[in-house]
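Asks: This is what each chain is made of:
There are 2 protein chains.
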Amino acid sequence: MSENKKNLTELSELGEFLLINKLTAPNITRNASTLKSIGDDCAVINYASDQKTVITNDLLVEGIHFNLQYSPLKYVGYKAVVVNLSDVYAMNAKPEQILVSVAVSNRFSVEALEELYKGIYEACEEYKVDLIGGDTTSSKLGMFLSITAIGKAPIEKIVYRNTANNKDLICVTGDLGASYMGLQVLEREKKIAIETQTQPNWDEKDYLLQRQLRPEARKDIIELFAEKNIIPTSMIDISDGLSSEIMHICNLSKTGAVIYEERLPIHQQTKDAANEMNLIPTTAAMNGGEDYELLFTIPLSEHDKIKDLDQISVIGHIAQQKEGINIIAIDGTPVPITAQGWNALLNEE
Amino acid sequence: MSENKKNLTELSELGEFLLINKLTAPNITRNASTLKSIGDDCAVINYASDQKTVITNDLLVEGIHFNLQYSPLKYVGYKAVVVNLSDVYAMNAKPEQILVSVAVSNRFSVEALEELYKGIYEACEEYKVDLIGGDTTSSKLGMFLSITAIGKAPIEKIVYRNTANNKDLICVTGDLGASYMGLQVLEREKKIAIETQTQPNWDEKDYLLQRQLRPEARKDIIELFAEKNIIPTSMIDISDGLSSEIMHICNLSKTGAVIYEERLPIHQQTKDAANEMNLIPTTAAMNGGEDYELLFTIPLSEHDKIKDLDQISVIGHIAQQKEGINIIAIDGTPVPITAQGWNALLNEE
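Read top to bottom, the protein sequences are chains A and B.
Every number in my numbering is 322 more than the matching position in the first sequence, counting from 1.
Every number in my numbering is 322 more than the matching position in the second sequence, counting from 1.
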């Protein structure tokens with residue numbers, strides 16, 4: 323898909339400046355806070371004086387974070403932006419700008435990079451953020467993406483990881499484990515397709531694939547918090563799996579936690595695929611990762627504000643540190659939670 | 323140097339979270355504007371309400387932007403930060419924060435990454451910036467660094483590339499071409515050392531090596547501008563070579579320019595090394611790149627403020643667009659300047 327073919331344009335034909343011009347031609351500025359976009363030594367941002375600036379950067383590496391055998395480049399671009407915006411939402415902040423830097427080998431054509439940027443621009447449109455800068459260079463092997471997301475929030479609304487309190491309710495948005503099951507299905511179907519020379523079968527797996535290949539960040543939840551006057555006591559986005567994230571909140575807040583297995587929101591497609599592949603749905607939900615849902619805590623007194631919201635599940639409560647971090651299995655047995663989160667550094671070949 | 327040896331620690335022995343803890347243990351916060359540093363979904367920055375935010379990101383790729391055969395990892399870390407801060411100074415702004423993301427293959431040890439971060443922390447100390455976030459992940463091959471630098475300036479002090487005016491004086495800081503000659507010397511000495519099994523000879527090349535391996539950004543010039551009440555009409559940092567940068571300023575400002583070859587500031591070591599290697603010093607100065615000096619324009623009326631400053635050379639003046647962009651050779655011949663800047667995308671293997 324990304325190999326140079328006769329009718330495609332090699333990167334070296336254009337050179338860096340023309341390539342940047344071509345890739346950034348569709349770019350538009352949406353936010354008044356973007357004073358200067360692409361085209362200078364730096365971009366310039368102007369947030370109102372009552373706003374603080376939040377900022378995050380992630381690297382996405384071909385073969386580690388994405389696989390071009392499954393994932394169209396347009397989806398890679400979209401997902402790369404979304405996973406960074408998710409970090410901004412996890413601060414209860416509003417993203418308004420991104421920087422995108424790309425290193426690619428000469429295996430990629432100009433047209434391939436245009437596909438990547440199509441996905442980036444789609445995410446910018448969907449989340450109303452501006453692409454304001456970055457870098458384009460070459461790599462010896464494969465594609466590397468670096469995305470920086472910048473956002474704003476008034477100081478009293480910013481939510482950290484280390485501020486959960488004993489007895490707070492633990493909540494998650496959406497459902498868990500679907501992205502991980504999507505990846506398992508993609509791996510399996512790829513193998514079968516190679517062995518049998520047939521087309522993969524994606525019946526009844528569409529939700530899993532969407533969650534893995536083209537996830538969304540929970541912009542809607544941050545808007546809901548504003549509307550309902552909810553400020554979580556702590557919050558984190560679920561990128562490495564629920565186990566890992568609840569441990570971050572508890573360790574940083576010096577608390578324990580109790581999670582109830584029966585309360586974990588798991589989509590029917592996730593359950594079906596897990597059963598089909600002899601995996602335990604709870605394991606996918608706890609340790610799968612890449613859900614990009616929000617895990618947050620609120621005081622018990624705020625329960626009324628969220629109890630009727632479809633998008634939010636109460637899955638447990640914060641406990642004292644000495645009580646540990648446990649999941650209560652469906653049969654009532656408490657099981658200590660250990661970090662089994664997705665570890666990029668162990669995923670080497 | 324970066325290979326795993328018996329007494330070194332493999333990355334997989336630690337895992338991502340412990341590695342991040344180890345690498346960030348020496349980190350300190352210097353600036354009051356850093357509200358939240360490493361350890362949450364985002365960092366949080368709080369600039370005073372009269373300040374705008376400037377931001378830039380660069381990727382540095384092993385084998386393209388740095389070569390671990392010449393360059394100790396500590397220098398790679400230092401230089402990676404400096405080249406990004408240079409972009410902030412080029413806006414006439416003050417950098418206060420950086421984000422650092424690293425992707426490495428399992429060829430690197432924990433100790434190798436600690437060396438890299440030593441250089442990063444040295445740059446933070448020297449330039450008084452805070453390391454506030456980033457990402458650590460694996461790559462299939464080699465090392466990739468992504469540095470985001472964030473700084474501040476009041477809006478009336480921010481200097482862009484597209485605002486040079488006809489008849490403005492064109493100035494550069496420091497001297498040009500030394501970094502490029504440093505690279506040539508390193509390449510040559512490496513070859514000789516391999517062929518003859520001898521140690522490289524760096525006599526009288528120390529300045530060139532320092533400029534290539536451990537350059538500095540012109541923090542001092544921005545401070546001088548403030549002290550002398552100078553606001554350039556346009557500015558850019560010289561990363562791709564003077565030719566390329568003057569073309570950026572002229573094309574964006576819709577002007578021409580005249581540069582005088584005899585005015586180009588070239589260090590004696592640069593001249594000597596160029597002569598020794600049958601290269602033309604002016605070519606190194608115009609097209610070499612990686613100088614990280616500032617190229618700026620000021621109105622003729624401001625000449626008195628800079629004429630006695632050692633750090634600044636007036637090398638020409640802005641002209642009308644129709645006059646083109648020319649360098650007047652020492653013999654008086656005008657030669658059109660074309661972009662021969664260092665092009666990362668053409669440097670592929």
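A few of these clues could be false.
Examples of chain B residues lying across from chain A (beta carbon under 7 Å, computed) [stated by the list, open to error]:
id, residue
1, Ile360
2, Ala365
3, Gly385
4, Met413
5, Lys462
6, Ser468
7, Glu478
8, Tyr482
9, Tyr529
10, Thr555
11, Asp559
12, Lys627
13, Asp630
14, Asp632
15, Val636
Hints are computed from structural coordinates only; laboratory data are not their basis.
Since this is a predicted model, take the numbers as computed values, not measurements.
No residue lacks a Cβ here, since even glycine has one placed at the ideal position from N, Cα and C.
Asks: Each hint should be assessed against the structure and marked as holding or not.
Replies: These are the hints, each one checked on the structure:
1. For Ile360/B, the suggested interface contact is broken, since its CB lies about 11 Å from the closest CB of chain A, more than 7 Å.
2. Satisfaction of the interface hint for Ala365/B is found here, the shortest Cβ-Cβ separation to chain A being roughly 5 Å, below the 7 Å cut-off.
3. For Gly385/B, the shortest C-beta to C-beta distance to chain A is roughly 5 Å, which falls under 7 Å, so the interface hint holds.
4. Interface hint status for Met413/B: upheld, as the beta-carbon distance to the closest one in chain A is roughly 5 Å, under 7 Å.
5. Below 7 Å, beta-carbon pairs count as interface contacts, and Lys462/B has one with chain A at about 5 Å; its hint therefore holds.
6. Hint status for Ser468/B: holds, given a least beta-carbon distance of 4 Å to chain A, under 7 Å.
7. Interface restraint check for Glu478/B: the shortest CB-CB distance to chain A comes to about 12 Å, outside 7 Å, so the restraint is violated.
8. The interface hint given for Tyr482/B is met, as the beta carbon of that residue sits about 5 Å from the closest beta carbon of chain A, less than 7 Å.
9. Residue-level restraint check for Tyr529/B is violated (minimum Cβ-Cβ distance to chain A is 25 Å; threshold 7 Å).
10. The interface hint given for Thr555/B is broken, as the beta carbon of that residue sits about 14 Å from the closest beta carbon of chain A, more than 7 Å.
11. This hint holds: Asp559/B has a C-beta 6 Å from the nearest C-beta of chain A, less than the 7 Å allowed.
12. Hint status for Lys627/B relative to chain A: violated, with the closest Cβ pair at about 23 Å, above 7 Å.
13. For Asp630/B, the interface hint is violated, the least distance from its beta-carbon to any beta-carbon of chain A being 27 Å, above 7 Å.
14. Taken as an interface hint, Asp632/B does not check out: its beta carbon lies about 24 Å from the nearest beta carbon of chain A, beyond 7 Å.
15. Below 7 Å, beta-carbon pairs count as interface contacts, and Val636/B has none with chain A, the closest being about 21 Å; its hint is therefore violated.
Comparing the model with each numbered hint stated earlier shows that hints 1, 7, 9, 10, 12, 13, 14 and 15 do not hold.
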